[in-house]
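In order, the protein sequences belong to chains G and Z. Per my numbering, residue 1 is the first one in the first sequence, and the count goes up by one each step. Per my numbering, residue 1001 is the first one in the second sequence, and the count goes up by one each step.
It is worth saying that the hints were derived from the structure and are not from the lab. These numbers were taken from a predicted model, which means no experiment stands behind them. We put the beta carbon where it would ideally sit given N, CA and C, even for glycine. Treat the hints with caution; some may be incorrect.
[Claimed, not checked] Here are the simulated distance ranges between beta carbons:
hint, chain 1, residue 1, chain 2, residue 2, range
1, Z, Pro1268, G, Pro89, 57 to 65 Å
2, G, Gly287, Z, Pro1363, 23 to 31 Å
3, Z, Ser1328, G, Phe135, 41 to 49 Å
4, G, Gly130, Z, Phe1020, 34 to 42 Å
5, G, Phe135, Z, Arg1371, 46 to 54 Å
6, G, Tyr163, Z, Ser1328, 40 to 48 Å
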Amino acid sequence: MFALQLKRVLLPGFTTVTALLILWFAVTTQGFFTLDNARAILASMVFVGMVSIGMTLIMVSGAFVSMALATTATISAMIFMASLSFGLPVAIALTVLVGALTGALQGVAIGGWNANPIIVTIAAAAVLEGVAVAFSHGATINPTGTSYTVLNAHLFGLPVGLYALAVLALTAESILRFTRLGPMIYLMGDNRAAARAAGLPIGRIGTAVFAIAGATASLAGIFMASFNHSASLLLNRGTLGYDAIAAVLIGGAAIGGGRGSVLNTMIGVAIIAIVSDLVLLRGFTTGEQILLKGLVMVAFAVGVHLRQEQRA
Amino acid sequence: MKPPSPLLSVERVSLSYGRFKAVREASFSLGAGEVLGLCGHNGAGKSSIVRMLSGLLRPDSGQIVLDGAPCAFRSVSDAQRQGVALVDQELSVIPALTVAENLALGEPGLGLRGTLPREEARRRLDAVGLDHLDPSRPLEDLSIGERQLVEIARAIGRDARLFILDEPTATLNTADIEHVFKAVRRIAAAGCGVIYVSHRLDEVLALCQQIVVMRDGAVIAEQRAEDLNAAKLVELMIGHAPKPVTKTARTADDGSRILEVSGLSTEPTVDDFNLAVRPGTVTAIAGQVGSGGSDVLRALAGLAPTAQGDVMVQGRRVPLGAPRRSISAGIGFLSADRKGEGLFLSRSISENLLATRLRALSPHAVLQGSRMRATARKIASRIGIDQNRLGEPVRRLSGGNQQKTFLGRCMERDDISVLMLDEPTRGVDVGGRADIHMLLRELASQGVAVIFASSDLEEVLSLADDVVVMRAGRIVSNVPVAETDNVRLLSDMTHARLSEQVA
């Protein structure tokens, strides 16, 4: 009861205040409103953006989150670098295939056997991490050849990866809206028992969702490796997976499933990119950066979800 | 003698959900010491009125006047402070605490496990007729009815003046219903007002002095209970006298069987269940809750992992244990647990209607938007749901319309030859019930075999062609409906000899 009243008081101002605070920060930060900085922000959306596409589908399908996507990206980066000797197209195809397969295996357990998604994906992350260590012997994997640099190219002033992100996001959103899989994902996320009783192929839906998530995480890995001209265990610096989860929540997807959209998640990705950029320009220490980013994400996620609760 | 100003008056109150007008300029009043019955077809606007009076929703226009003062409730707790107590299916008492601790919940100055002085707890329990209940008993030992009474007792402690009881007896047994009645009479005698919302017209007529009937969001009648009877009430609620369900003329048995079940058993309930069903007939599996009818249907639907037995649909064997297999064999199933295992509550009506036919609407996996809209509209008009509401979440529908939406999922389909329903009209009011029965007869006349499990004698006798009675997991009798009546049914359900040989 008290919480309800608290919400009523806090709610109208909540998101607005946070947004104004960020705007004020932006105005008073030197170098924020420049074309170069805008490009930098957009470019920094690529990796988190790709991972969060898959994360959105997972959350909408009712499987909460995957803890394995960041590691999938890391190991994909390694596979990509190591397989460049077969040529760029083959390397990309092979890497995405491996990513999709690792996702699909988790999806079979989660969708088909109703295993707990958090446990399965944490276990998968541990296994993948182990494979990554064995694969790289802890060393940095360097590319053979320079064919990958085309992925770092710029088109009309923006990196190729950003176009790839846009295409992926639109494709995923179209899958949700215009294909048979889309409504099935929403229905399963809303009520798994009802979906089963209604005869929806829940095993296959779960497998498809996790396979797509694995594929988009691999693509993130491919672009990460190209950007860094190498791949190693340190590639994702630990925040990739959490940033993606935060982006999905800021985008308003329901934690329990049944609601959410990839395009809204992209707004979440943009907000995270802007905040990361601001704390960087302001010259905060790494610790302070993480703290501030965390606070902003909490504020947004809470604000968005309070609003939805009121509408429901 | 009526007091000069009533305890509650609702004045020209309206409420819309989007384009749908749930309540249109409804007005009625309630005096202190009075019990007012609120009746209506599903979707008539009763629940919306309850939600506005309890602070869950605010009216778009009009006002609610309590004790002569207009009030705008800002929240449920605000409404509680101003003296409104809502008692509905979702009880806010806490099973892990004792009765006394529950009574003390929310009392200023007492913590979560604080207790009231013993006399005070006693006084409140006495006020609702729980004279012999020990306040130190844990609440989880109490029946649902007694828990409701504890909730009412708690509201008395908050000095509530207006009590709203929303379907209080829907899940209660006869003894508990009697308790609730006594408590209602006592709180009314103490000068409080009670609004009693129920589908059970006999209860409303017995308990209330004043009856308000709603239809399509408007108040149709506000009359003294002594001027009304059940037949008149039904007529007011649905706008015309109820049509009797027409049964398909009983065709001669040509020996065709659409469904054949032999030796079906499920651990631990059903034992050696046999049944043969002809197309175009309605079969009831009657029995008290837990007698096995529901388990039989669940097994046939593929939802019972331990089920064993031979099931043939149109001469083809159906493997048990996978819902998808049963559905592709042509068996449709509507669970009794509409919310847990049926509807997708936060998704739209049209998504719910189309959930099971997505494959047919998406050749090459791409959805055909216009065909989907057309199909949804077609089903909606057949089941009688406003087409303007198709985009609304199912959560907002009344129980009856939710059940119709659920049923709509299995309509307009050629691939379902056997439709099974578990308690097809549980939580559905008189009008909705008649509609659903009519829809089921219509499906049967198109050649579908309809099978339903029910513990409601009247439903069994009025809807079925053949009646199978079960008790303790076994078939007691299987006869055409003409050869049975409610006396025989009830005796079969409760105490007839189990050893009787069944054809």
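Evaluation of the provided hints:
Range check, Pro1268/Z to Pro89/G: Cβ separation about 60 Å, and the 57 to 65 Å hint holds. Taking the beta carbon of each, Gly287/G and Pro1363/Z are about 56 Å apart, not inside 23 to 31 Å as hinted. Remark: the range hint 41 to 49 Å for Ser1328/Z to Phe135/G is upheld by a beta-carbon distance near 43 Å. At roughly 56 Å, the beta-carbon separation of Gly130/G and Phe1020/Z lies outside the given 34 to 42 Å, and the hint is violated.
In this structure, Phe135/G and Arg1371/Z meet the distance hint of 46 to 54 Å, their C-beta atoms being roughly 49 Å apart. Distance hint for Tyr163/G and Ser1328/Z: a CB-CB separation of about 43 Å, consistent with the stated range 40 to 48 Å.
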